[in-house]
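Heads up: the protein sequence lines correspond to chains A and B, in order. The numbering used here numbers the first residue of the first sequence as 4 and each following residue consecutively. The numbering used here numbers the first residue of the second sequence as 783 and each following residue consecutively.
Just so you know, the hints here were simulated from the structure itself, not pulled from any lab data. C-beta atoms are modelled at their ideal positions from N, C-alpha and C, and glycine is treated no differently. Just so you know, not all the hints are guaranteed correct.
[To be verified] DSS-like mimics (lysine-lysine), calculated; alpha carbons at most 25 Å apart, straight line: (1) Lys148(A) - Lys172(A); (2) Lys184(A) - Lys1025(B); (3) Lys137(A) - Lys947(B).
[Stated by the list, open to error] From chain B, some residues computed to sit far from chain A (all C-beta separations above 10 Å): (4) Ala800; (5) Glu843; (6) Pro936.
[Unchecked claim] If you want a taste of the chain A side facing chain B, the calculated C-beta under 7 Å gives, among others: (7) Met73; (8) Asn114; (9) Ser134.
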Amino acid sequence: MKQLQMTSPSSFSQITTQKIIQMNDVWTSYDSKSYALKGINISIDRGTNYAIVGQSGSGKSTLLKLMNGMMTPSKGTIKVDYQTPNVNNKKFKLMMHKIGYIPQSLGLIKNLTVLENTLIGSLPRLGKFQSMFKIFPEEEIQEAKKILSQVGLGGKEERKAYMLSGGEKRRVAIARAFMQKPTILLADEIVSELDHHTAREIMNLIADAQKRLNLTAIMVHHDMQLALEYANRVAVIKEGEKILEIGVEGDKIVDFQTGDFTTQEIMEMYSDESKK
Amino acid sequence: MNQRNNLVIGIIIALVVAASYNVDANPIDFFEGLPNLAIVAEEMTQVDAELFGTAFLSMFETIQMAFIGTIVGVAISLPLSMFAARNLNSKFVYAPVRAILAAVRTFPSILWAILFVIMVGLGPFAGVLAIIMYTVGFVAKLQYETIETIDADPMDAVSSIGVSKWQLIRYVVIPESAPHLLSQMLYMFDYNVRQTSILGLVGAGGIGFYIINYIKFFEYGKAAVFMIVVLVTVLIIDWISLKIRDKYIVKSQHGMEVTAK
Ligand SMILES: Nc1ncnc2c1ncn2[C@@H]1O[C@H](COP(=O)(O)OP(=O)(O)OP(=O)(O)O)[C@@H](O)[C@H]1O
Ligand SMILES: [Mg+2]
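Could you build the full structure based on these sequences and the hints that come with them?
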């Protein structure tokens, strides 16, 4: 199931030098009374499948919202591709076009069709006039249809979103994110409520896109097993703190309490172990 | 029922009695006046059938006035409501727009009609303008309240893509509130037909002009013809809008949904 995304030494060095997400002592709160996240340090390399697991209310969704600027930290710094996530930051706003975000609630427009919901992912590429009158270029429509058939929704393009099953809605949200041609994918428990078969189908889809597009996926999971199976790194959040970060390579699990290790170090350790 | 509720009800009854005294509302006058109504009712039975043609024509004029007023009014109120919605704008935008809308709403349509009769003269055009103003004030409020209750999840999900505000309005706000907007429009048309029927009282066109004139000259039988036409028309419009609602606004597990494009 797992693939190492680095095969040649050259791509190896390229990846290890690219920290796509860095969080430094990040604290955040919804109200002044308590912190939802307390002193989070996270460092994610480009191309990683990074899993976040933890109990309900531990702060997983909050962590994702910080990464795409929907929330700002009350303390600490966050850099996404060397930019500070903030909707008022012009440079970051351009980056948002390439950050696919699938919220826990999916956020589909229920009165629009499956195809229209998917095409929303291409809105940043569409001109003012065209977007007012819903005039999408033919190649975007073909692209959307291709993605929809990849996620198993071929033939359902004209269905209204509210007429879909829970699993189908998830696939539309995934298609919308893919339509953005993302470099980063933030997915909040998109497979948690699905049966094992469908969950794996969707995870394989994302793993496949990762291989093709060198996508960095940060995924919140409820199921540790699924996280271990697909992720390169797994962070465990408890009551707003990162209590554990695990590097996973192949079948080997290496346990890193602080999570301050780079992929290079993990790789070195992995190759050390395989030599034995 | 506890002690406090009884006290509240007692106070309300006392207030109603006191207010009735102040405005000379005497129930005895009402019952003594009933025979007068009987006279009117009897005269109304002498329906002047020849007038039905005129009645239908003036009713048709009334419907057209209400139609233009509703469509133009809604077309103006839609963009205004986008500026008045708190979840789409900063305080500096929504506060003044809301203040203007509140000012527009303080005038009942009949006052707008008087104003426009002075401005553009007697006739249906003054009535159309009055209906537009009333519709703008009223529908814009309904619309911005609808927009403010839109689910935050799709708004967040789509704005996290970094789309422009106009794209957000086009692809989230309008589709999410469309069923409500359609239903508000139907309601407003319905209401405007009734309103336009009385605008004739101040000379702003429509069927009300005939009704008030025949009543002035005590020709209740003739007035009755026009009133019957209004009644039947309002019932028919009620029925049609019910059919439209059933067809295009279906209930699903998420509440109101629109199935039209
Ligand atoms: N909009 C909000 N306003 C106030 N508090 C919030 C809000 N959203 C989340 N919280 C609080 O912040 C904490 C972290 O919430 P978060 O949604 O990040 O948890 P989670 O790990 O994603 O949980 P779940 O697995 O149930 O989705 C919780 O204590 C929650 O009550
Ligand atoms: Mg969550």
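- Item | Hints breached by this structure | 2 and 6
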